[in-house]
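*Asks:* Line order of the protein sequences matches chains L and S.
Using our numbering, the first residue of the first sequence is number 7, and each one after it goes up by one.
Using our numbering, the first residue of the second sequence is number 7, and each one after it goes up by one.
Wrong hints could be hidden among the right ones.
Since the list can't tell identical chains apart, any single copy or any two copies may satisfy a pair.
Below 20 Å or equal to it, Euclidean Cα-Cα: the simulated SDA-like pairs (lysine to any residue) are [to be verified]:
#	residue 1	residue 2
1	Lys83	Pro111
2	Lys377	Pro146
3	Lys59	Pro322
4	Lys158	Val145
5	Lys377	Gly348
6	Lys83	Tyr182
7	Lys158	Val384
8	Lys320	Thr334
9	Lys246	Arg349
10	Lys158	Pro146
11	Lys59	Pro111
12	Lys83	Asp62
13	Lys320	Asp247
These are calculated hints, taken from the structure and not from any lab test.
Number of protein chains: 2
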Amino acid sequence: MRHVASRVALIFLALGQYAAARTADEPSPAESNVPGASTPGIHSNLSVTFTLKAPDARTVQVAGGDGLGTGPFSMTKNAGGVWSVTTPPAVPGFHYYWFVLDGVPVNDPSSESYFGYGKETSAVEVPEPGAEYYAIADVPHGEVRAKWYLSKATGEWRRALVYTPPGYDANPRIRYPVLILQHGAGEDETGWTRQGKAQFILDNLIASGKALPMILVMDRGYADRAGMPAAKFGADAPAKDIQLTFGAFEDVIIHDLIPTIDASYRTIPDREHRAMAGLSMGGMETLFITLRHLDTFAYIGSMSGPIVPDLNSKQPLGTQQGPFDAKTAYEGAFSNPAAFNGRVKLLWLGVGTAEPELFRSGIGGAAQALKAAGVRLVYFESNGTAHEWQTWRRDLNDFAPRLFR
Amino acid sequence: MRHVASRVALIFLALGQYAAARTADEPSPAESNVPGASTPGIHSNLSVTFTLKAPDARTVQVAGGDGLGTGPFSMTKNAGGVWSVTTPPAVPGFHYYWFVLDGVPVNDPSSESYFGYGKETSAVEVPEPGAEYYAIADVPHGEVRAKWYLSKATGEWRRALVYTPPGYDANPRIRYPVLILQHGAGEDETGWTRQGKAQFILDNLIASGKALPMILVMDRGYADRAGMPAAKFGADAPAKDIQLTFGAFEDVIIHDLIPTIDASYRTIPDREHRAMAGLSMGGMETLFITLRHLDTFAYIGSMSGPIVPDLNSKQPLGTQQGPFDAKTAYEGAFSNPAAFNGRVKLLWLGVGTAEPELFRSGIGGAAQALKAAGVRLVYFESNGTAHEWQTWRRDLNDFAPRLFR
């Protein structure tokens with residue numbers, strides 16, 4: 007964890023410089039605001055001011071946003087009918103939030119909206135002083151392409167977002183490895199580029215030589231078999247229902263998406279040049295799919311993905327995180343550690359230290375049990391961040407450089 | 007106008023079939039809803055039901071959406087605290103709307119949001135029965151690519167969205183003509199693909215052989231010179247301020263965007279293979295920029311773009327639509343009709359018949375005056391549609407097939 011500790015030191019150093027350059031009374035518009043909107047505004051100590059004009063409202067609160075502190079925060083109305091509140095200093099990163107206006111959750115007209123919680127949601131980007139790895143920089147940039155394809159598994163037109171690295175068009179003879187990268191529950195295929203800034207993380211890693219040029223593929227992590235009712239995903243569903251929930255998506259990935267990508271882009275279409283990773287639900291999907299298809303994937307990453315030791319259990323998914331038996335978990339995928347280590351180039355598990363205990367103990371416990379059993383893996387903790395995008399940006403920044411070496 | 011009349015007949019025929027297949031009591035979720043949301047719901051007669059759960063609210067209305075009829079529509083609350091209203095039959099197309107909740111405009115959590123009015127805005131897609139030209143179909147699809155570039159004119163990183171036609175990657179020796187296509191005021195570079203479905207219109211036109219394969223470039227139609235305060239755009243600004251408002255964007259297009267596109271994509275980088283068009287403000291920008299740069303553009307389209315006969319007038323922009331003097335308008339660009347006709351391959355002006363009188367008389371009057379002066383142009387009316395996206399979808403469907411012939 008040495009690089010995390012030194013990063014934290016750097017952050018505080020930069021934070022001091024940042025604070026010195028501004029006065030506490032001059033909040034800066036958040037980068038996530040619509041153009042011209044002055045709030046949400048970020049103060050030098052990373053507290054955040056929110057406002058909403060609602061002269062006739064009776065109560066307005068700010069809610070959501072794990073990194074904002076222990077809300078909801080009650081707003082107060084001024085003589086002009088504008089409600090406002092300034093939160094305590096926030097954790098740096100990207101925080102979903104919404105107003106509660108006379109009891110109704112509504113978005114902030116001053117914020118861009120992002121797909122989260124199964125709907126459009128406001129969010130505030132609180133800068134992490136000194137963290138440049140996800141900023142757009144004066145380096146060569148890849149493209150993010152919307153690719154439509156017809157899925158046989160679901161019978162629907164689907165849209166994948168595909169990052170092609172800098173130089174892709176200019177070097178038509180070069181072929182590239184592929185990382186399939188999945189969002190979390192309630193989000194969609196736009197999450198990794200809009201909330202996560204995956205394209206800038208990759209641009210920066212590639213420019214500095216820390217990561218190899220690669221293609222990222224971000225698909226919508228939901229699938230219902232053609233003609234079947236929509237599958238439900240929830241912490242209260244029995245673990246065995248994961249087969250229903252993720253089974254159709256498994257077919258999409260294996261039989262529709264990968265062949266489409268390999269036919270449409272200059273990939274290196276073998277397991278040694280194909281990775282899959284995802285956050286939260288996307289991490290669960292990654293473990294579910296990759297461990298069944300080691301002929302297709304050699305690199306595996308689960309970011310804050312709840313561990314499901316027994317895929318056939320009737321216990322609710324949300325409580326089914328232990329004990330982890332390396333012999334039987336995931337249908338026996340780890341039962342022969344030497345064989346697993348020989349076949350899988352990278353197994354990567356990560357969690358934020360401010361995530362709920364269930365995530366930390368589940369993921370940390372699985373990592374420990376797997377290591378004890380002799381399975382080679384990387385376990386990464388994001389210091390001080392919650393079940394939020396700042397954790398997953400750091401995860402990608404750690405994970406991507408380890409791929410395809 | 008023969009093809010418009012026959013299209014209207016087809017619409018009524020299809021509408022009858024559509025109505026017969028459904029009962030009035032079964033609204034279909036709008037395509038613009040977030041996944042799983044049942045409202046807004048479209049009835050067989052194209053009336054629209056909206057709902058919002060707000061047990062403690064005192065008043066809730068639906069507002070916005072020219073094509074929805076003469077709102078705002080007051081909603082009524084049921085015993086479960088859910089407010090609802092069903093509007094009269096709507097005009098087919100894409101209609102922005104919002105709720106007014108105890109006096110505050112808020113988005114509908116059941117709707118995707120779209121950038122309009124300078125912020126994220128809900129919208130409802132009311133299908134036009136029989137109109138398949140903007141539907142995703144089982145034809146080869148192009149890609150829509152996000153392209154980041156550094157603008158010297160503004161000193162900022164900008165994002166253009168670039169449609170590359172089907173087969174672009176598979177045919178690395180083919181070069182393509184380019185259409186720069188601009189959104190309207192309050193919208194952004196996402197408008198033409200999210201609201202307008204330009205990519206599917208082009209896919210369908212190309213698949214049927216009606217349009218030649220081309221690259222579309224959609225940029226953000228705002229620009230402020232590096233270090234200068236933000237320019238204002240409004241109907242009450244003097245026409246001469248258009249030079250300030252559009253001047254920086256002119257520099258972006260001519261000196262930053264076009265060189266970037268020509269360097270990054272397989273274009274045919276000459277005036278005979280470059281078009282510009284736009285809707286509303288984007289149409290104004292198109293006429294302002296192209297008529298000053300006929301060495302750069304040979305194809306010009308203005309869709310519902312207010313006409314500004316005298317760019318140097320102190321009259322407010324919004325009232326400055328006539329009289330149109332073909333000799334002096336647009337700095338004399340049309341003063342020699344024979345020379346103009348010899349140089350410009352296509353001048354295309356369009357308006358919806360349900361647009362405000364100012365648009366209809368301004369655009370129709372300019373078209374008449376130009377024709378009378380001997381300027382060759384195409385004048386297109388969209389039957390029954392307002393200053394809305396259905397007009398501009400039809401415009402693109404008429405305009406694109408005429409390009410690069």
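*Asks:* A separate judgement is required for each hint: does it hold in the structure or not?
*Replies:* So, going through the hints one by one against the coordinates:
no. : hint              : in the structure
1   : Lys83 <-> Pro111  : both (18 Å within a copy, 17 Å between copies)
2   : Lys377 <-> Pro146 : neither (39 Å within a copy, 48 Å between copies)
3   : Lys59 <-> Pro322  : neither (43 Å within a copy, 29 Å between copies)
4   : Lys158 <-> Val145 : between (39 Å within a copy, 15 Å between copies)
5   : Lys377 <-> Gly348 : within (15 Å within a copy, 77 Å between copies)
6   : Lys83 <-> Tyr182  : neither (55 Å within a copy, 57 Å between copies)
7   : Lys158 <-> Val384 : neither (36 Å within a copy, 43 Å between copies)
8   : Lys320 <-> Thr334 : within (16 Å within a copy, 80 Å between copies)
9   : Lys246 <-> Arg349 : neither (27 Å within a copy, 69 Å between copies)
10  : Lys158 <-> Pro146 : between (36 Å within a copy, 16 Å between copies)
11  : Lys59 <-> Pro111  : both (15 Å within a copy, 10 Å between copies)
12  : Lys83 <-> Asp62   : both (10 Å within a copy, 19 Å between copies)
13  : Lys320 <-> Asp247 : within (8 Å within a copy, 69 Å between copies)
In the structure shown, a violation is registered for the earlier hints numbered 2, 3, 6, 7, 9, in ascending order.
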